[in-house]
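K.L.:
Each chain, letter by letter, is given below.
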Amino acid sequence: MSSNSRRNFLRDLAGSVRDVAAAAQSVTPEEPPEELGPEIEPLADTRVERYSRQLVLPEWSEAAQQRLGAASVLVVGAGALGSPVAMYLAGAGVGRLGIVDADDVELSNLHRQLLHFTPDLGLPKAHSAAAKLGFLNPEVAVEPYQVRLDAGNAAGLLEGADLVVDCSDSFETRYAVNAACCAARIPLVEAGVLGTSGLVMGIRPGETACYRCAFPAPPPDAPSCATAGVLGPAAGVVGSLQALEALKLLTGVGEPLLDAFLQVDLALLTFLRVNVERRADCPDCGTAYA
Amino acid sequence: MTRTLDITDVTCPMTWVKTKLELERMGAGEELAVRCREGEALENVPRRAREAGHDVRVEGTTIRIVRA
Chain A
1 MSSNSRRNFL RDLAGSVRDV AAAAQSVTPE EPPEELGPEI EPLADTRVER
51 YSRQLVLPEW SEAAQQRLGA ASVLVVGAGA LGSPVAMYLA GAGVGRLGIV
101 DADDVELSNL HRQLLHFTPD LGLPKAHSAA AKLGFLNPEV AVEPYQVRLD
151 AGNAAGLLEG ADLVVDCSDS FETRYAVNAA CCAARIPLVE AGVLGTSGLV
201 MGIRPGETAC YRCAFPAPPP DAPSCATAGV LGPAAGVVGS LQALEALKLL
251 TGVGEPLLDA FLQVDLALLT FLRVNVERRA DCPDCGTAYA
Chain B
1001 MTRTLDITDV TCPMTWVKTK LELERMGAGE ELAVRCREGE ALENVPRRAR
1051 EAGHDVRVEG TTIRIVRA
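In the order they appear, the protein sequences are chains A and B.
Each step along the first sequence adds one to the number in this note's numbering, with nothing skipped, and position 10 is 10.
Position in the second sequence (from 1) plus 1000 gives the number in this note's numbering.
Among the hints, a few may not be true.
Here are the in silico distance ranges between beta carbons for each label pair [unchecked claim]: (1) Phe117(A) to Pro1013(B): 25 to 33 Å; (2) Arg185(A) to Asn1044(B): 52 to 60 Å; (3) His111(A) to Asn1044(B): 36 to 44 Å.
Hint data in this document are derived by calculation from the structure and do not stem from the laboratory.
Note that the coordinates shown come from a computational prediction; the quantities given were computed from them, not determined experimentally.
Where is the CB? At the ideal position from N, CA and C, for every residue including glycine.
All chains should be modelled from the sequences, with the hints used to inform the complete structure.
P.N.:
Here it is in structure tokens:
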């Protein structure tokens, strides 16, 4: 199979997976028997089996699973962090996943960006990611957005989202996501990874410290993945923590990391929780909710 | 009123998953009669139900659980 025909094959496959996902979404669920109560519609048997290893957790419940299925999450970036985040959220049964990424898959991405494979080289990451997520869980409605999120389009991209997970790789995008989430009061999980260390922070805008409260300005001469490098498993750990925090915020299960960030050093295997407070003068969340 | 649940067609961990979900749909004090097969389910389901704080009574291959 030539490189082009492989790409076309993947595109076609991605299209058919999306069709299947759309069809699955449009199926009218059966009416629940009356004695089960009107508020929770019982999960179908295939769903009970698909999610059985989380449903069996004492902390988890059918109600938590239903909350996840009704939730819409926007994942900003389909790279090193976005890959585990989107895979775990799709696997867990989030109802709708928007995937925002303007870039194409490059050879240098593949050591850490789990959603993309060698035959995907040159494909838009948003579409490559959507295809794999469709294979993983056809029940999830995946919407790829091949666009770079910025201050101008952030509000539109965030519209309708119950949660945003910021897996971008620049301070400019992070501040744009944080400002837009604060303005729309959409909960957010921020993270960053570089080398063998990273950071995770959960945010409930208007209630807890936002990203700009913790980091009012980007560090001067901040290095990037391209110049400083990053180890794949380090990104995997940080992205997994980010997905975990997203699930906590979406379901109410567990204690989310709020008014604090977690600093992770994977070379030394140390986790440091740093408490932060809201700033009254924060340009993103301070004045609007004072 | 006692609810009934048949888990004779599933194996671990679905035996407890199905029982747990049924219990979640019930009110406190309601009873669930779970019909299961000999073996794994008869060991695991009563144990997990007790760990979750429910009252459990086993009669043959029927597990009677009063929801906490």
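K.L.:
Quick one: which hint numbers does this structure break? Sort them smallest to largest.
P.N.:
2
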